Structures are given as C-alpha cells and as structure tokens.
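Keeping their order, the protein sequence lines are chains A and B. Residue 300 in our numbering sits at position 299 of the first sequence; the count goes up by one each step and never skips. Residue 318 in our numbering sits at position 317 of the second sequence; the count goes up by one each step and never skips.
Simulated from the structure, these hints should not be mistaken for laboratory data. Note that the structure is predicted; figures quoted are calculated from it, not measured. Just to be clear, a hint being listed does not mean it is correct.
Since copy identity is lost for identical chains, a pair holds within one copy or between any two.
Stated by the list, open to error - Once the Cα atoms are required to be at most 20 Å apart in a straight line, the calculated EDC-like pairs of lysine to aspartate or glutamate come out as:
{"#": "1", "residue 1": "K192", "residue 2": "E363"}
{"#": "2", "residue 1": "K253", "residue 2": "D275"}
{"#": "3", "residue 1": "K266", "residue 2": "D44"}
{"#": "4", "residue 1": "K253", "residue 2": "D44"}
{"#": "5", "residue 1": "K313", "residue 2": "D275"}
{"#": "6", "residue 1": "K266", "residue 2": "E287"}
{"#": "7", "residue 1": "K266", "residue 2": "D343"}
{"#": "8", "residue 1": "K257", "residue 2": "E40"}
There are 2 protein chains.
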Amino acid sequence: MTILSGLRITECAAFIAGPYATMSLAALGAEVIRIDPLEGGLDYHRWPVTDSGRSLYWAGLNKGKKSVSIDLRAPEGRELARAIITAPGEHAGLFITNFPATGWLDFEKLKARRHDLIMANILGNRDGSTALDYTVNCAVGFPSVTGAPGGETPTNHVLPAWDLLCGMTAATGLLAAERHRRIHGAGQLLKIALSDIALAVVGDLGFIAEVQRNGHERERHGNHIFGAFGHDFETKDQRRIMVAAVSLGQWKTLSKATGIAEAVKALEQSENLDMSREGDRFAARESLARLLTPWFAARTVAEAASSLDAEKACWGLYQSFSQLVQDDPRCSTASTLFANVDHPGIGTTLTPRSPIDFTACEPVPPGAGPILGQHTEEVLANVLQLSSGQIAALHDKGIVAGQTR
Amino acid sequence: MTILSGLRITECAAFIAGPYATMSLAALGAEVIRIDPLEGGLDYHRWPVTDSGRSLYWAGLNKGKKSVSIDLRAPEGRELARAIITAPGEHAGLFITNFPATGWLDFEKLKARRHDLIMANILGNRDGSTALDYTVNCAVGFPSVTGAPGGETPTNHVLPAWDLLCGMTAATGLLAAERHRRIHGAGQLLKIALSDIALAVVGDLGFIAEVQRNGHERERHGNHIFGAFGHDFETKDQRRIMVAAVSLGQWKTLSKATGIAEAVKALEQSENLDMSREGDRFAARESLARLLTPWFAARTVAEAASSLDAEKACWGLYQSFSQLVQDDPRCSTASTLFANVDHPGIGTTLTPRSPIDFTACEPVPPGAGPILGQHTEEVLANVLQLSSGQIAALHDKGIVAGQTR
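Can you build the whole structure from these sequences, using the hints too?
Given below as structure tokens:
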C-alpha cells in the first residue's frame with residue numbers, strides 16, 4: 002500500500018503550481034486525473050522540448066497522472082468534466098484548478114453536484130488578477146539583492162520558486178481539507194494566490210520586520226550568506242566550492258579543515274571582533290574570504306574535499322546541469338530517488354519519485370509523462386462507468402479524444 | 002473552527018525547513034510545540050536581529066507556536082521531551098526534527114512509547130551527511146545559469162528556496178501520514194533529504210531530460226524567461242518593469258498594449274519567424290526587447306501601467322523590500338493576508354497568516370513569535386498534566402526554564 006492509496010484528485014490547470022501540486026500527490030500514490038482541452042493545455046508545448054516538439058517540462062510536471070482530453074468549449078464536454086470532478090467516492094471529490102472558478106467551474110454549481118467537494122483555486126493575485134512567478138518575484142525584493150554588490154540592475158531567479166512553493170502549499174491545503182472532511186463531513190473551496198505565497202515568505206523570513214523595526218534595507222552581498230559566514234572559492238582545477246558556516250560548530254570545522262585558526266585569531270585582535278559570534282563572522286566576511294582564498298586556490302576539488310570531509314565541514318561543489326547529471330551519484334540510479342523511466346514520445350530519462358520516504362508504506366515508482374488523452378477511455382469507463390458504445394459516440398462527435406500524438 | 006483545529010505537532014528543529022513546516026501548520030490552526038535547549042536553538046539569534054539581539058527571522062519562522070525550553074543534555078530533560086513528543090491523544094503524536102534520529106530521538110524507542118507515532122526526519126543528504134540550502138543549490142545547476150549572459154562566476158540565490166520547499170513538502174508528508182494513520186491506525190517514520198528536494202525538482206522541471214535527451218546545456222539568459230518571451234525594462238522615471246508572455250494570449254495583450262504589432266510583423270518577415278509560436282518569440286527575444294525598450298523609456302510606471310492594465314497584459318514592478326512594504330497594497334493590512342502583530346521583545350510588525358483561504362473554516366489570525374520558554378509551564382501542565390509543584394521542582398533543578406529573556 003502507498004501512503005495516499007485510493008485518493009483521487011482531478012485537475013484542470015496549466016504551467017507549474019497546479020500541476021506540481023498534483024504531481025507531488027500522484028508521487029505519493031494518489032490517482033490524479035488531468036483534464037485538458039483537445040489541443041492540450043497552454044503548457045503542453047512549453048520549453049524545453051525535444052526535436053519532435055514534445056515538452057520535457059510537461060512530461061516532468063505531469064508524470065504519473067492520467068491524461069483526459071475533452072472539448073471544454075462544448076457544453077457536453079464541460080458536462081463530462083464536471084461529472085469527473087464531482088464523481089462519487091469517499092476518497093474522491095478533490096479538484097484543483099488555476100482557471101477562473103466561474104462559469105462552468107463555479108464552485109457553488111459544482112457543489113450542487115457533490116455537496117462535500119473540495120476545490121482548490123490557485124490565483125495570480127488575491128483579487129483574481131494575473132500574476133506569474135516572474136511578475137511576483139520582481140515585486141517582493143529578491144532580484145534587487147541577488148548578484149554581485151554594486152550591481153544596479155535586478156537579477157531574476159531562474160528557479161520558479163514561488164510556483165513550486167505555491168503548488169506544495171496547495172497540496173498541503175488539499176490534505177488539510179480532506180482531513181477536515183473526513184472528520185466533519187464538509188467540503189469547501191480553498192483559494193491560494195501566488196503573490197500571497199511570496200508576500201507571506203517575505204514576512205516569515207523577517208524581511209518585512211527588518212524594514213519596519215530596523216529601518217534597514219537589505220543590500221546585495223553577492224555569494225556571501227547573510228548574517229553568517231559562507232562564500233564560494235575557486236580551486237586549483239578551476240572549479241568552485243561553496244562553504245557554509247551558519248553555526249559555531251560549522252565555523253569550527255571549516256576553520257580547522259582549512260588551518261586558518263591562527264590567522265583568524267590575529268584578525269580578531271586587529272579588528273576587535275569575536276568570530277565565535279555569527280554577526281562578527283558576517284562583519285568580517287571579506288577578510289575571512291581572503292584568508293580562505295589561497296587555501297582553495299592551492300588545492301584541487303578532490304584535495305579540498307578530502308580535508309573538508311575529514312572535519313565534516315559543510316560545503317558543496319558548483320555544478321552545471323550536465324555536470325550534475327554526469328558526475329553526481331545523488332543524481333543517478335545509485336539513489337533510490339531515481340529510476341530510468343521511458344516517457345512515451347520522449348525516451349528514457351532519469352526520473353525522480355517523491356522525495357519523501359514513508360518507511361511503513363510502499364514507495365511509488367516514478368511515473369511516465371502521459372501523452373495527451375492517453376487515459377481518456379480508461380477514465381470515462383472507470384470513473385463515469387460509460388459503456389464502450391457511449392465512449393465511441395463521444396469520440397465520433399469530437400467531444401473527447403484519445404491518445405492522438 | 003479552523004482547518005487543523007485539534008492537531009498537535011511537536012518540533013525539535015532549527016533554521017528553516019522544519020520550523021517553516023510547523024509554522025505553516027500552526028497557521029492552519031494546529032497546536033505546535035517547539036522544544037529548544039535552555040540556551041535556545043542554533044537559530045535563536047539568526048540574523049536579521051534587532052538592536053537588542055532578538056531575531057526577526059526566528060520570530061517569523063516560529064510565530065504561532067508554543068516555545069518550551071528544556072535541558073536536552075540532561076537525561077531527565079530528554080525524558081520530558083520524549084513524553085511531550087509521545088503524549089496520547091487521537092490528534093497528537095506527530096513529531097518533526099532535523100536532528101539525527103538516533104540516541105534519545107531514535108524512532109523505534111519513541112515508537113515503543115507511542116505505537117502510532119508519526120515522525121518526520123529532515124536530513125541534509127539522504128545518507129545523513131550535512132547539507133544546507135547554499136551547498137545544495139550550488140550543486141544542482143541554477144547558480145550557473147543565473148545572472149547576465151557571459152558571466153563566468155555563479156550567482157547564488159538569496160531566497161532559501163530549497164529549505165522552504167523542503168518544509169512545505171514535510172508538511173504535506175505529515176498530513177499524508179496522519180491520513181494514513183486515521184484510516185489504518187499505523188504511524189511511521191518519514192525521511193526527507195534537502196538535497197533530494199532539489200534533485201527531484203531538477204527532474205520535474207525537465208532539466209535532467211534536457212541534458213539526457215537533447216544533449217543541451219542550459220545557458221545564462223539574464224532576465225529573459227526561457228522558452229517564451231519576458232524581460233525587464235526601464236521606465237522614464239527610472240523604475241523597472243518585468244513583462245511576461247508565456248501564452249499566446251499574453252503575447253497578444255502585451256503586443257497590443259505597447260503598440261508593437263506592426264514592427265513585430267516586419268520582424269517576422271525579415272527573420273522568417275512566427276511570433277505566435279513561443280519558441281520563435283524566445284529565439285527573437287533580443288529583437289523583441291529592443292522593440293519594447295523605447296516604449297517603456299518614454300513612459301512613467303503609472304503611464305505604462307495604465308496601458309498594460311487596459312489590455313490585461315501580465316507585468317510586475319521591481320521593488321526593493323522597503324518599496325514593497327511602503328508602496329504595495331498587497332503588502333499591507335489592506336489585504337486580509339496581513340495583520341499588525343506585537344511580537345514580544347520586538348514590537349509591532351506586519352505579519353502574514355496562512356496564504357490559504359479555507360472558505361468554510363475560520364482563518365487563524367497571525368501569531369506572535371514566542372519568547373524562548375514562554376509556554377514551558379503551560380505545556381508541562383496541559384500536555385503532561387504535571388502539577389505546579391512538579392513543574393517548580395523541574396525549574397529548581399534547572400531541567401526546564403520559563404520565559405527568561
């Protein structure tokens with residue numbers, strides 16, 4: 002048995018937050034039915050794509066799901082989608098969408114068909130206006146403090162961090178609502194705005210308080226860790242290593258591994274600082290980095306690693322995506338996180354399962370990215386109990402489509 | 002009633018992932034008991050701090066929790082902590098830690114005291130070795146593609162994205178395990194490695210497949226959105242705006258709002274591209290950005306906003322943290338996301354509640370960041386049913402401490 006065996010969630014969504022929420026739940030064993038229009042959702046061809054145009058992004062964010070393809074402009078198609086969303090079953094009746102929850106996806110109308118429906122609606126902004134990760138991130142301050150000190154233009158992140166966090170927040174919300182329904186019998190509508198995810202984090206991490214209580218505007222610190230000691234260094238073999246010391250213990254191991262203790266003592270005296278205090282380590286960050294630079298420059302990655310690991314210092318090697326895939330055993334089938342999976346129309350790729358290990362439940366092997374409409378017939382038959390004749394008629398009328406490309 | 006009314010979770014953790022997981026569940030109404038050593042956890046003084054040394058970061062990540070302070074080096078203190086972790090109750094018996102799950106926190110030993118305990122153990126790497134957000138991020142490729150094209154050194158992100166996502170994944174895992182326990186009666190140990198969170202996302206977003214199937218190493222694209230059109234532009238009043246067009250609809254609204262349709266048509270002919278295709282928009286990104294640059298340079302933010310909003314184009318304004326707090330109504334009590342909360346020892350700050358709105362449950366008002374040991378007596382009395390005499394004796398022996406500073 003897997004941890005979410007039996008749970009069924011329907012999805013009408015695109016891009017990252019919604020699909021990532023349900024992909025994560027599918028990776029825990031839930032049955033996830035993604036419903037798309039006949040031509041595919043807005044993200045069906047999102048880059049990166051293969052030479053034949055199949056989206057690697059879509060495959061990754063929709064792996065392990067069932068893909069159902071329906072003409073969502075036709076009233077009969079909408080009726081079918083609503084029937085799947087509100088199909089009976091103790092463990093069914095969960096729905097996630099980032100489309101406007103109006104018209105044919107109005108919550109009250111859906112609720113009339115299933116009184117205990119749980120529906121999560123992901124919005125851009127709380128008022129329903131559009132926002133994407135890129136247009137949220139620029140507004141919440143991080144690009145203005147990313148990159149080398151002195152830089153004048155903002156640096157966008159490449160990781161769609163807000164989308165991912167929004168998706169996982171929605172997954173948490175769905176399970177919280179399902180718990181509530183199990184105990185009290187009631188479903189409900191959840192609303193989650195992408196911009197609120199970012200705004201809440203800015204508050205959670207103390208950035209708002211830093212402005213309001215300290216009157217302090219955070220500056221750019223390049224690759225320095227704020228408020229502690231951590232920086233990157235070039236090695237003899239022209240690679241880069243990040244070291245981090247966010248606790249006194251980590252600082253001691255780093256200091257010991259690199260043999261800078263005496264030099265640090267001299268620095269403490271000349272600068273009147275106490276490096277056992279994280280604030281002082283941050284204040285002296287440039288001086289400390291200068292002490293460490295020659296140590297790394299004189300060593301290859303292998304040599305530095307040997308000394309750092311001997312003291313259990315905390316460090317990491319910078320890797321490109323190719324280097325990660327080619328060199329890092331954590332990113333290989335040597336780790337139970339990964340398996341080689343054949344994705345239809347794409348081929349075999351190293352594919353992750355859920356990063357959560359449930360020690361008393363079976364793991365869910367990583368799924369394949371479905372082809373649009375691959376599970377249309379299966380879902381119509383199993384969830385709606387339509388006969389093969391009824392399904393054939395829907396095909397003939399162009400209301401549904403099976404696997405077409 | 003709040004969505005997680007009655008659920009009780011105990012925490013022995015520090016920094017971000019564990020504390021963020023439980024803070025997020027406390028914001029949904031769970032009772033969260035954070036147990037710290039007498040001197041506070043490793044993160045109790047984490048920057049940013051007030052002039053008096055109180056951590057704004059700690060307050061943000063632990064708001065709404067109960068703080069219990071125990072001498073965790075003393076056998077009697079450890080016994081108390083284990084008793085709180087394994088206290089009876091249908092909705093209790095959930096525990097999260099990023100400490101090694103060995104010795105006094107060994108799962109099997111804890112399970113012997115409560116057979117259906119659910120314990121989530123957050124690790125650095127899957128093998129138990131140390132990793133932090135900074136040392137994971139460098140390894141998974143993103144710093145090497147962040148920043149302006151041509152840059153040779155990696156750019157670290159400032160947002161601890163992996164920590165946050167790991168925390169929310171742990172929250173999802175805890176609720177999934179609690180669901181399983183409710184249905185089947187069994188608890189279990191969950192293991193979640195920070196580096197696995199990042200590795201899985203690299204797979205989920207198609208970066209691994211891009212290396213393996215396309216043999217392509219992602220490059221730096223500065224503030225361009227990969228595979229679509231989006232970039233930042235300077236306005237007449239020296240502010241910056243990010244525009245994003247990840248769908249054809251968004252491209253049309255942007256094109257219409259800025260009046261570049263004719264110039265785009267000419268570009269399509271001269272370059273033999275079709276801008277209705279997202280891949281072609283990405284290929285022509287520099288040319289398209291050049292077309293838009295004078296439009297923004299000739300307009301103030303207000304003027305540009307007026308035109309962009311009229312067409313419902315997708316855009317955002319770059320803001321520093323101060324500008325966000327001072328200027329953006331989304332980051333104010335005008336939004337129900339925020340309330341002004343008085344944090345003991347810090348003062349009043351704009352504080353977020355959960356970004357999830359559950360329409361059929363009461364919202365949980367944002368909590369205050371506790372002072373270390375603020376709830377020691379309350380928890381010993383309510384959870385362990387200790388008498389005031391017993392609690393006083395523990396105080397006298399130095400095994401527990403109340404609010405001290």
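Hint-by-hint comparison with the structure:
1. In the homo-oligomer, the alpha carbons of K192 and E363 lie at most 20 Å apart only across protomers (13 Å), although the nearest pairing inside one protomer, at 32 Å, exceeds that limit.
2. Only within a single protomer do K253 and D275 lie at most 20 Å apart by alpha-carbon distance; the minimum there is 13 Å, versus 58 Å between protomers.
3. Taking identical chains as interchangeable, the C-alpha atoms of K266 and D44 are never at most 20 Å apart, the minima being 56 Å within one chain and 25 Å between chains.
4. In this assembly of identical chains, K253 and D44 lie within 20 Å of each other by CA distance solely across copies; the values are 17 Å between and 48 Å within a copy.
5. Neither within a single protomer nor between protomers do K313 and D275 lie at most 20 Å apart by alpha-carbon distance, with minima of 23 Å and 55 Å respectively.
6. Taking identical chains as interchangeable, the C-alpha atoms of K266 and E287 lie at most 20 Å apart only when both belong to the same chain, with a minimum of 16 Å there against 52 Å between chains.
7. In this homomeric assembly, K266 and D343 never come within 20 Å of each other (Cα to Cα): the closest approach is 57 Å inside a single copy and 41 Å across copies.
8. For the homomeric pair K257 and E40, neither the shortest alpha-carbon distance inside one copy (60 Å) nor that between copies (25 Å) is at most 20 Å.
Going through the hint list in order, the structure does not satisfy hints 3, 5, 7, 8.
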